[in-house]
Amino acid sequence: MDLAELYQKQISLSEWFADIDHEATDAFREEDNWKRKRMEELAEIIPFPFDKPTSFQATEVVEMKDAFNIYFEAHKNELCALRLIPKKEGLPKLRMRGMTVADVVSNWLPQQDIDEEYYQADFVPHPSDHIWSTIFISNGHGAIGEVIAGSHNQLTQGFHDDGKPIVFRYEYTTDEVTTNPATPEVYEHIKEIISFLRIDTEEKRKEIEEKFHVSFLNGYLPGYFETVKSTVHGTWFIDWNRVLGDLYKDFWPEPFTQGTAEHLTGTVGSPGSATGTARIIHPDAISSAQFEEGDILLCLMTSPDYVPLMKHAGAVITQEGGILSHAAIVSREMKLPCVVGVKDIFEHVKDGDRVEVDAEKGIVRKL
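The sequence shown: position 46 = 55 (this note's numbering), numbered continuously.
The set of hints was computed from the structure by calculation and includes no laboratory data. Take the hints with a grain of salt, since some may be wrong.
[To be verified] Under the rule of at most 27 Å between Cα atoms (straight-line distance), these lysine-lysine pairs were calculated in the DSS-like manner:
hint	residue 1	residue 2
1	LYS46	LYS173
2	LYS200	LYS46
3	LYS102	LYS61
Model the full structure from these sequences, guided by the hints.
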């Protein structure tokens, strides 16, 4: 299976959480479903640019009601992202990105097996370019995450078409940005993003804390965030998740460690350590894999199909992925040591090799 096929197997983080029976699955799904309503309410209190949707009942779209027809005629040839948000508990959230409004209505939507009565349809403009995209956590330590010169889905899914992402840290106490690799041209963009999270007015902080049930840390809004910057729209926040932010309230991994002749390095996806037998498992061989308790799972990138193996693994090593990619988050929630983005791992480690995984420093050693 090639990278494109593996990408198609990726699912939303809400679905990942359901697959591993995470206790916060329902809360996370609710948080994700209504993130734009939450960001809209936040933007009424403070300056907070976000990808504001134009919302309709799904029945209005299918039946081309007057309100939607006006929108359709004005935007039918424009690229969009569409989110079908369930209004009834237990229904899946559906999404697509990068088609024109006309194509969505005539081709994509009719293929979805849904009862439109139970869905809200959110249309969001889709930028034709992505200057920068970020994914990061804001907590008591500061902000830590990744930035890439390309589309944000590369960061969430862990497949990087536009080069390796840049890991960044923003220290709230010193107002200092550091990146790996050193990339001065991105510093101002990171500072711009973080500036929207700093609220100096006590009255505004109190209003936000009471409305959204959060606690400011060093004057900064906490949570998990995603942003994009485009030529037409400038900088937009596209996610603010309090549930994931709370799960990562203590997340502050050690600075990047350089590789040597003695070990390989990647990014810490989930802390911990393990020693065991490396098992290289390709996606098309998961069901027949010989995998023992405590073996080290080594793959290009995890997908939901790997969950049964992950439940028995001592650690996970992936060649793709980033610090907050879905695979890293899921490993962390499974309390499974994980190192992601280990370049050329398959050239150095073979199936059956004994390996040591130091997922505190992002180091993999062949024994």
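To see whether the hints hold, each was checked on the structure:
| no. | hint | in the structure |
| --- | --- | --- |
| 1 | LYS46 x LYS173 | violated (32 Å) |
| 2 | LYS200 x LYS46 | holds (25 Å) |
| 3 | LYS102 x LYS61 | holds (18 Å) |
Hint 1 from the list above is the single one not met by this structure.
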